[in-house]
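Chains as they are written, first to last, in the working numbering: chain A, 1 to 258; chain B, 259 to 516; chain C, 517 to 813; chain D, 814 to 1110.
Hints in this document: simulated from the structure, not taken from any laboratory. All C-beta atoms, glycine included, are put in the ideal place defined by N, C-alpha and C. Among the clues, some could well be false.
[Unchecked claim] No farther apart than 25 angstroms at their CA atoms in a straight line, the calculated lysine to any residue pairs in the SDA-like style are these: (1) C:K520 - A:K226; (2) C:K520 - A:E202; (3) D:K817 - D:A1092; (4) D:K817 - B:A303; (5) D:K817 - B:F323; (6) B:K433 - C:G703; (7) D:K817 - D:L1016; (8) B:K433 - D:A964; (9) A:K226 - A:P123; (10) B:K484 - B:G459; (11) B:K433 - C:N653; (12) A:K175 - A:Q60; (13) A:K226 - A:D156; (14) A:K175 - C:A651; (15) D:K817 - B:G459; (16) B:K433 - C:V657; (17) C:K520 - A:G94; (18) A:K226 - A:D215; (19) C:K520 - A:P232; (20) D:K817 - D:G832; (21) A:K226 - A:T238; (22) D:K817 - B:G281; (23) D:K817 - B:D280; (24) D:K817 - D:S1064; (25) D:K817 - D:A1083; (26) C:K520 - A:S213; (27) A:K175 - D:A948; (28) B:K433 - B:R409; (29) C:K520 - A:D24; (30) D:K817 - B:V413; (31) B:K484 - C:V659; (32) A:K226 - A:R151; (33) A:K175 - A:E202.
[Stated by the list, open to error] So, partial list: chain C residues that the calculated Cβ filter (under 10 angstroms) puts toward chain B: (34) A590; (35) W591; (36) H755.
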Amino acid sequence: MASSSYTPQELMVAVAAREIQDGDLVFVGMRLPILAYAVARNAHAPSARGLFEVGLMRDQPAAGFLGTMGDPPNVVGALWATRMSNVMALMAQGSVDLGFIGGAEVDRFGNLNTSYVGDPAHPNVKLPGSGGGADIAILSRRWVTLLRHERRRLVDRVSFITSPGYGDGTPHWRKRNGLLGGGPVAIITTLCVLRFPELGGEAYLASVHPGHSVDEVRAETGWDLKPAGDVPETPPPTEPELTATRRFDPEGFWTRSA
Amino acid sequence: MASSSYTPQELMVAVAAREIQDGDLVFVGMRLPILAYAVARNAHAPSARGLFEVGLMRDQPAAGFLGTMGDPPNVVGALWATRMSNVMALMAQGSVDLGFIGGAEVDRFGNLNTSYVGDPAHPNVKLPGSGGGADIAILSRRWVTLLRHERRRLVDRVSFITSPGYGDGTPHWRKRNGLLGGGPVAIITTLCVLRFPELGGEAYLASVHPGHSVDEVRAETGWDLKPAGDVPETPPPTEPELTATRRFDPEGFWTRSA
Amino acid sequence: MAGKVMAMAEAVHRFVPDGSTVALGLALEPLIPFAAGHEMVRQGRRELELVGPISDALFDQLIGAGCVRQVTAAWVGNVSEGLGHCYRRACEERIPRSLEVRDHSNFSISLALWAAAWNVPSLPTRTLLGSDILATNPGLVAVDGLAQVQAVRPDVAIVHVQRADETGRAHAWGPLGITEEAGLAAGRVIVTCEELVAPDVILSDPNRILFPETKVVAVVHQPGGAHPSPVQGYFKRDHAFYRDYAEQSRSVDGYLAWLERWVMGVPDRATYLQHLDLATLRVSQHRMSEPVDYGFE
Amino acid sequence: MAGKVMAMAEAVHRFVPDGSTVALGLALEPLIPFAAGHEMVRQGRRELELVGPISDALFDQLIGAGCVRQVTAAWVGNVSEGLGHCYRRACEERIPRSLEVRDHSNFSISLALWAAAWNVPSLPTRTLLGSDILATNPGLVAVDGLAQVQAVRPDVAIVHVQRADETGRAHAWGPLGITEEAGLAAGRVIVTCEELVAPDVILSDPNRILFPETKVVAVVHQPGGAHPSPVQGYFKRDHAFYRDYAEQSRSVDGYLAWLERWVMGVPDRATYLQHLDLATLRVSQHRMSEPVDYGFE
């Protein structure tokens, strides 16, 4: 059932969709995860619900293309249109099973930086900031980040932790620091999937996308990335996954741009 | 213009209405103050607005009789139907000019007890509690209470302060204890009107209702009530005041019962 | 998904066990779920902890029936009539049993529920300073010139609304009091409604949906379920009924006779309603809201 | 009461002086008051402190125009395109001037406004623990295992809504983000609206009214005033316009050319709209909400 022709983003959407379990309440966020929710909901997770920090809950994908989570198609059919603080309340109660966060820079312990490259007082690059990222990273039960795999983006340690993963990687760092949720479970990149040990800590290489190699991934990663034994190939998107992706992104706004 | 025939409650409504200044935002509460707002709004305070803790703001009296502030006629024409916490937010910001509180027991410093007579652990009488009374007493800019004048109700010191007035009566007690609002300005009873010095403290006798005397008032008061010089008579309700009162309480539910 | 629509008896049996902390009467005077409360009495519920802002007679009835161990509220009585006689007897004479009271103000009970909704131990406020409520309720503490209001987390919130669908998405209108924070704070929500409508009706206006459906465990179609409290667009407040209850409940015997007639002696709300002059209580002149346009294409 | 209905130029002139703390873009991606922001640029407003959750391009435009001294927000950029180029230049190169940034998360900026709405110094939360946002923003402090979020009190909040009446009572629908707490927290509110309607329309549904009218100081009838952001029932989001802005604003010259074309070179929003293909942006298929009944007799 695997398709031979798909973009890296389409594969990332499929991999992200597989992280959604049936019945999950998913803090969806923006961009590729909006498509991942749509794919999962149409395939293996028919009762997954989506929560959007703009103030929406849904049990099915929107009937029109979404450039942002706040676009009007996302409101029609919504189960709840409310304030952000109410949506955050559910997450603070531990009711959000899975969150997605877009990453600019991630480190070996799953910490995300979307704020500053370099000294915050005189940054080399000012990134847009947390948005809801820090909230998801701290409060959702488990979370996943997606980013383009480049050596400058997968770094040994981020200089600024916007959205905490496992901190300094010492055991129980999250619990010691009072973080409610369980932390990151996967980093989905354009080349591979990284995962974390059951109790958190350092990311390992869990699968490599078709057409790429372990060596290539390691060369593009800013720390000495450990493979987990024999690294399997990431299963490519199935036809139903691709069909659903293309239905919700008919112009390739998210999945066929550079 | 004074009418010769009115009930004590009708006089209390008129006196309470005169406390409302044009443009005031009034935390209205229940019973007689609902009528007082209606009377004031129809007479000298055409731009006074009423706020109700149930979650309503109005700029005119309701078109039907109100047994409670939450009755359906109070919603029609409302300028805002919202949550209680939003109404309380306005009061916490100091935006409420005047509040009304129903009293069971009041003391010489204007403290109200609507909670317990006797030891709270084993009360002689359990009263209903604060409702919004404590909030109004603490947060509104100035407030007024109305109660039946009986010696057991106007006491030297209440045993339980539900809604604080001027505490122990020492200078700046409210400020020292962090209370935002200015405190009580009048106690309107079935016999008279008590007022407070500019900076708060002990209530004095400001006027006596027609048909009653200073001696009678003092005999029915549980502390050595001081008159302010020659005590005038409370001006009786005018015809317009009575007409408005009777329009909004046509059956005498609030103003003609025992 | 297992069906959420069920009879009142089943909803109370399954989701309000003995010892529950139950939030009720959250819109203050309107939309009080009397039918749900009466079913708790019929089922002999015990050791309940009631949570609410003010309670217009329902808490008093549950206390008189011996269902209640603790009350966390700003005001308990009969709004148009005054004192709650069963509440007085329980506090003053331990009849029918002793009662623990956690006093709040209206603002502070709201904040206690917001604290639970946001999952923090407490929230600060400027109210309660100088009040003995602050000194006597162990869930309230003065710190650094502010009152800290500890979270109150109901096991279940029961709300009566004008309309809901089978998944528990509910539309309510009129003043809402502390309904929203109570629903978010509660572990689960029981919705009782005047009308059980198609999901399309509810989803046509998602801004008016009170709670996430994930909180709602039961939907009870119970027309008249809030009587004698008012329901905007459906029922006026039955002032005389409150007055009658106030008078009868002055004595234990009078209360028990009232309870027999209106609660124990009727199997359900439908039978209860047969004893009322519904025609005079029903709202007959409609005032419809202007629709809004959710179009997107 | 002095009339509140006025032109955008007057509203900005009177109620958004230099140095104001201005809350904008409070519903996140929809209902962004771009027309108000552009008028601030035309009037040469300076030393503003901007407050918002995320900002979809409007903060970037105001920063590029040199209006802004400080930003208090969770995210500043271009939601569908990514980075905010003017924001980057200001932070990295002080072009056109230096910028102070107070980082928040979405949840914490909401709480900062609730703190102001309830007039308390701060509110506690479980978010931000372990984030360097907590370490670097002086308005955030870790105390006893919680983050304390200090109040943020805007001088003025500007909201674009679907409809309002002459007193500023406003109906908005779709997701509302942090609109409500920002309006309550702000000293005053400017309402810009697609439709200026009769009070009867608004008062027919008091539950949908956003703020107390006592907060509202100006009402500007400004159809299309949120373009390129979407307005449920009125306008789709203009994705291409955001893309175009992102591309042009990569360079200072490109940004200034964009600004000249869309802001400085047009006197008002009506003229701006003449340059757009409004027919393709307008919502034409209506989806009306089911009315509710506010009857009482």
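So, going through the hints one by one against the coordinates:
With a C-alpha separation of about 49 angstroms, the suggested pair K520 of chain C and K226 of chain A falls outside the 25 angstroms cut-off, and the hint is violated. The suggested pairing of K520 of chain C with E202 of chain A is violated, with an alpha-carbon distance near 44 angstroms, which exceeds 25 angstroms. Our distance criterion of 25 angstroms between C-alpha atoms is broken by K817 of chain D and A1092 of chain D, whose separation comes to about 31 angstroms. The hinted pair formed by K817 of chain D and A303 of chain B meets the criterion: a straight-line CA distance of about 21 angstroms does not exceed 25 angstroms.
Using a Cα cut-off of 25 angstroms, the hinted pair K817 of chain D and F323 of chain B is violated, with the two alpha carbons roughly 33 angstroms apart. Distance restraint check for K433 of chain B and G703 of chain C: the Cα-Cα separation of roughly 40 angstroms exceeds the 25 angstroms cut-off, and the hinted pair is therefore not satisfied. For the hint linking K817 of chain D to L1016 of chain D, the alpha-carbon distance of about 18 angstroms falls within 25 angstroms, and the restraint holds. For the hint linking K433 of chain B to A964 of chain D, the alpha-carbon distance of about 22 angstroms falls within 25 angstroms, and the restraint holds.
As the CA atoms of K226 of chain A and P123 of chain A are separated by approximately 31 angstroms, the hinted pair breaks the 25 angstroms bound. Among the hinted pairs, K484 of chain B with G459 of chain B is consistent with the structure: their alpha-carbon atoms are about 12 angstroms apart, no more than 25 angstroms. A C-alpha spacing of about 23 angstroms is found between K433 of chain B and N653 of chain C, which places the hinted pair at or below 25 angstroms, so the restraint holds. The suggested pairing of K175 of chain A with Q60 of chain A is violated, with an alpha-carbon distance near 34 angstroms, which exceeds 25 angstroms.
As the CA atoms of K226 of chain A and D156 of chain A are separated by approximately 13 angstroms, the hinted pair is consistent with the 25 angstroms bound. Between K175 of chain A and A651 of chain C, the direct Cα distance comes to roughly 34 angstroms. Violation of the 25 angstroms bound is thereby established for this hinted pair. Straight-line distance between C-alpha atoms of K817 of chain D and G459 of chain B comes to about 42 angstroms, which puts the hinted pair past the 25 angstroms bound. In summary, the hint linking K433 of chain B to V657 of chain C is supported, as the alpha carbons are separated by about 19 angstroms, within the 25 angstroms threshold.
Between the alpha carbons of K520 of chain C and G94 of chain A the distance comes to roughly 23 angstroms, so the proposed pair stays at or under 25 angstroms and holds. For the hint pairing K226 of chain A with D215 of chain A, the CA-to-CA distance comes to about 11 angstroms; that is within 25 angstroms, so the pair holds. Taking the CA atoms of K520 of chain C and P232 of chain A, the gap is near 44 angstroms; set against the 25 angstroms cutoff, the hint is violated. With a CA separation close to 23 angstroms, the supplied pair K817 of chain D and G832 of chain D stays within the 25 angstroms bound.
Distance restraint check for K226 of chain A and T238 of chain A: the Cα-Cα separation of roughly 28 angstroms exceeds the 25 angstroms cut-off, and the hinted pair is therefore not satisfied. Annotation: proposed proximity of K817 of chain D to G281 of chain B holds, straight-line Cα distance about 16 angstroms (limit 25 angstroms). The suggested pairing of K817 of chain D with D280 of chain B holds, with an alpha-carbon distance near 19 angstroms, which does not exceed 25 angstroms. For the suggested pair K817 of chain D and S1064 of chain D, the alpha carbons sit about 40 angstroms apart, so the restraint of at most 25 angstroms is broken.
About 20 angstroms separates the Cα atoms of K817 of chain D and A1083 of chain D, which keeps this hinted pair within 25 angstroms; it holds. Taking the CA atoms of K520 of chain C and S213 of chain A, the gap is about 51 angstroms. The hint is violated against a cut of 25 angstroms. At roughly 18 angstroms between alpha-carbon atoms, K175 of chain A and A948 of chain D fall within 25 angstroms of each other, so this suggested pair holds. Straight-line distance between C-alpha atoms of K433 of chain B and R409 of chain B comes to about 30 angstroms, which puts the hinted pair past the 25 angstroms bound.
For the given pair, K520 of chain C sits about 19 angstroms from D24 of chain A by alpha-carbon distance, which is consistent with the 25 angstroms threshold. A hinted pair counts as satisfied when its Cα atoms are at most 25 angstroms apart, and K817 of chain D with V413 of chain B does not qualify at roughly 49 angstroms. With a C-alpha separation of about 37 angstroms, the suggested pair K484 of chain B and V659 of chain C falls outside the 25 angstroms cut-off, and the hint is violated. Under the criterion of a C-alpha separation no larger than 25 angstroms, the hint pairing K226 of chain A with R151 of chain A is consistent with the structure, at around 15 angstroms.
Our distance criterion of 25 angstroms between C-alpha atoms is met by K175 of chain A and E202 of chain A, whose separation comes to about 16 angstroms. Given hint, A590 of chain C at the interface with chain B, holds; its Cβ is 5 angstroms from that chain's nearest Cβ, closer than 10 angstroms. Interface restraint check for W591 of chain C: the shortest CB-CB distance to chain B comes to about 4 angstroms, inside 10 angstroms, so the restraint holds. The beta carbon of H755 of chain C comes within 4 angstroms of a beta carbon in chain B, closer than 10 angstroms, and the hint placing it at the interface holds.
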